[in-house]
Amino acid sequence: MRRRRFVWMVAPAVAFVAVMVGFPFVDTLWLSGFAFHFGAAPHAVGLGNYRLLLGDDKFWNGLWITFYLYAIALIAQLVLGLYLALLLNRMRRFSKVLRSLLISPFVLPPVVVGLMWLVILDPSIGAANYLLTALGLPPSLWLASPGLVVPTIALIDTWQWTPFIALILLAGLQALPADVFEAAAIDGAHGFALLRRVTLPLLAPSIVTAATLRSVDLLRFFDVIYVTTQGGPGDASETLNIYGFRQGFVFLNIGYACALMIALTVLVLAVVGLLARLRRTVAW
Amino acid sequence: MANAPLRARVLAALDGAQVVVAAIVLLAPIVWMVAAGFKTSAAVTAYPPRLLFHPTIANYAILFARMPFLHYALNSFVIAGGASVIGLLLGVPAAFAVSWNRMAWPAVAMLAARMAPGALFLLPWFVMFSSIHAVGSYWVLILAHAVITLPLALWIMLPFFDALPRSVIEAAMIDGCSDLAVLWRVALPLVGPGLAVAAILSFVFAWNYFLFALVLSGFSTTPLVVAAFNFVGEGVTNWGALMAAATLIGLPPVVLAFFVQRHLVGGLAAGAVKE
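For the protein sequence lines, the chains are A and B, in the order given. So in this note's numbering, spot 146 of the first sequence is number 146, and the numbers just go up one at a time. So in this note's numbering, spot 17 of the second sequence is number 17, and the numbers just go up one at a time.
Check the hints yourself; a few may be wrong.
[To be verified] Estimated spans, in silico, between C-beta atoms of each pair: (1) B:PRO193 with A:ALA283: 49 to 57 angstroms; (2) B:LEU51 with A:SER124: 16 to 24 angstroms; (3) A:PRO205 with B:HIS54: 51 to 59 angstroms; (4) A:PRO233 with B:SER41: 24 to 32 angstroms; (5) B:ALA8 with A:LEU269: 47 to 55 angstroms; (6) B:ALA58 with A:ALA283: 52 to 60 angstroms.
[To be verified] Computed far set for chain A versus chain B, every beta-carbon distance over 12 angstroms: (7) ARG51; (8) LEU52; (9) GLY136; (10) SER140; (11) ALA144; (12) ALA178; (13) ALA185; (14) THR228; (15) ARG277; (16) ARG280.
Rather than coming from a laboratory, the hints here were simulated on the basis of the structure. Each residue gets a CB set at the ideal place from its N, CA and C atoms; glycine is no exception.
Please take these sequences and the hints and turn them into a complete structure.
Here it is, written out as structure tokens:
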């Protein structure tokens with residue numbers, strides 16, 4: 001017997017989201033149809049902002065930076081996270097101290113993470129360059145280098161979020177049926193073959209889940225970039241989200257910024273949709 | 001272990017060594033930040049960097065004596081605390097109703113709100129709140145951050161409500177309790193741990209969130225994360241004091257997360273992962 005009751009209790013939450021998220025979303029769509037410089041009167045341009053966007057080099061640069069950062073950070077985190085999860089899964093004891101150590105990077109405020117790495121990666125006083133020279137390697141400009149800034153930001157994000165992926169995959173590993181591994185061991189599967197033919201296919205749903213969660217964050221990556229480089233040097237780390245933010249809140253070019261944000265949201269939804277389809281094909 | 005084959009013991013030792021290396025890599029940057037907060041400005045900028053130094057609390061003295069650090073901290077508490085209260089007040093009853101009636105759409109709507117880039121809402125908020133001269137007020141900041149805490153609270157509470165035996169709730173309904181009485185007197189006392197997790201993670205998320213306060217906070221309502229960011233641009237940066245500030249700002253989330261660590265990943269994954 002199931003009686004519908006308490007339904008009204010969702011109303012306040014739904015009303016709040018409608019006012020604070022739903023309405024602003026529609027408003028952003030609406031504003032993206034205007035040439036609207038904050039403080040001046042808006043005038044309608046239809047799809048003009050989107051046409052502008054297609055011819056805007058900074059938009060294509062932002063799109064490229066967004067995907068470049070997304071790809072290297074996601075791959076690095078998934079590989080290292082899987083490695084760490086397999087390692088932790090082999091340990092019999094998994095102490096509370098170790099777990100709290102693993103969660104520390106991703107519960108720190110991104111601003112703190114950014115400031116911390118700003119000091120470590122400083123080309124003249126930073127510990128990172130000292131480490132490089134101590135190993136006989138040439139020092140690097142890190143965040144100040146146009147060619148290295150994106151990999152460096154990916155490095156910071158990988159430091160922060162690899163433990164999160166590891167914990168998701170560890171939960172996935174521990175939920176796998178033990179008899180499959182026993183059967184595989186009897187069949188003589190060991191080491192890399194076991195990993196490739198048994199563990200990874202079984203773990204695939206967890207991997208896709210972890211990838212989805214990180215994709216949402218990486219495609220709209222903002223805080224650490226804004227704290228460390230604000231998109232620089234030049235526009236070398238100016239992701240779509242940073243570019244949209246600067247158009248909106250630095251140049252007060254609200255209409256165009258709204259069009260950029262709509263484009264970014266479509267991008268996030270498209271990637272999440274693709275990963276949701278992938279999640280269904282790897283389900284077992 | 002003494003009888004275990006040599007091969008197994010070697011492999012276990014290798015695993016142990018790898019865990020130690022991983023722990024050092026994860027911990028070293030944080031240790032470096034905390035240490036820098038206790039260095040004199042000469043020691044912070046010394047090259048090669050100094051591993052051994054005479055610790056000083058001068059940087060902390062600067063934060064509290066020469067900067068309104070406590071005022072920024074108060075702002076962070078008001079914003080994160082207020083947003084957590086709103087998130088729980090709206091999110092907990094919603095989670096209960098969603099769980100009882102197996103309604104998917106409100107939960108999905110909350111998830112969508114959590115996935116969109118923040119600036120998508122921030123642009124119209126900025127225009128709206130500017131037109132009524134509300135940018136910089138506590139209530140705008142609290143409402144903005146409740147957009148973060150509400151979906152979080154709802155998704156954290158869902159599994160806790162799902163785990164309640166339906167018979168307990170049905171018994172209360174047959175006794176003629178009102179909807180609110182069922183929630184307040186019967187359901188909530190049984191999901192105490194869930195409430196604690198939801199409250200703590202809401203607070204941590206709002207405390208950490210940067211983008212909304214970057215745009216919507218004013219001179220007297222600046223929270224810590226924005227104040228620390230602004231500190232970088234001001235002339236010659238005092239790195240020691242900045243690292244001391246970063247340490248203090250990072251401390252509450254790390255300590256709070258320690259208490260809910262078993263639920264942390266599930267909470268961050270918003271129902272996508274069961275631990």
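Hints versus structure:
Our hint of 49 to 57 angstroms for PRO193 (chain B) and ALA283 (chain A) is violated, since their Cβ atoms are close to 30 angstroms apart. Between LEU51 (chain B) and SER124 (chain A) the beta carbons are some 18 angstroms apart, a value that agrees with the proposed interval 16 to 24 angstroms. A hinted range of 51 to 59 angstroms for the beta carbons of PRO205 (chain A) and HIS54 (chain B) is consistent with their spacing of about 53 angstroms. At roughly 26 angstroms, the beta carbons of PRO233 (chain A) and SER41 (chain B) sit within the given window of 24 to 32 angstroms.
Range check, ALA8 (chain B) to LEU269 (chain A): Cβ separation about 49 angstroms, and the 47 to 55 angstroms hint holds. Between ALA58 (chain B) and ALA283 (chain A) the C-beta distance comes to about 58 angstroms, which sits within the given range of 52 to 60 angstroms. Residue placement check: ARG51 (chain A) keeps its beta carbon more than 12 angstroms from all beta carbons of chain B (closest about 20 angstroms). Interface exclusion of LEU52 (chain A) from chain B stands, the closest Cβ pair being 16 angstroms apart, more than 12 angstroms.
Every CB of chain B lies more than 12 angstroms from the CB of GLY136 (chain A), the least distance being 15 angstroms, so the non-interface label holds. The non-interface label for SER140 (chain A) is consistent with chain B: the shortest C-beta to C-beta separation is roughly 15 angstroms, beyond 12 angstroms. ALA144 (chain A), annotated as away from the interface, keeps every beta carbon of chain B farther than 12 angstroms; the closest lies near 14 angstroms. No Cβ of chain B approaches the Cβ of ALA178 (chain A) within 12 angstroms, the least distance being about 18 angstroms, so the stated non-interface status holds.
With a least beta-carbon separation of about 14 angstroms from chain B, ALA185 (chain A) lies farther than 12 angstroms from that chain, consistent with its non-interface assignment. A beta-carbon of chain B is positioned within 12 angstroms of the beta-carbon of THR228 (chain A); the least distance is around 9 angstroms. Every Cβ of chain B is farther than 12 angstroms from the Cβ of ARG277 (chain A); the closest lies at roughly 16 angstroms, confirming the non-interface assignment. The non-interface label for ARG280 (chain A) is consistent with chain B: the shortest C-beta to C-beta separation is roughly 14 angstroms, beyond 12 angstroms.
In this structure, the earlier hints numbered 1 and 14 are contradicted, and the remaining ones agree with it.
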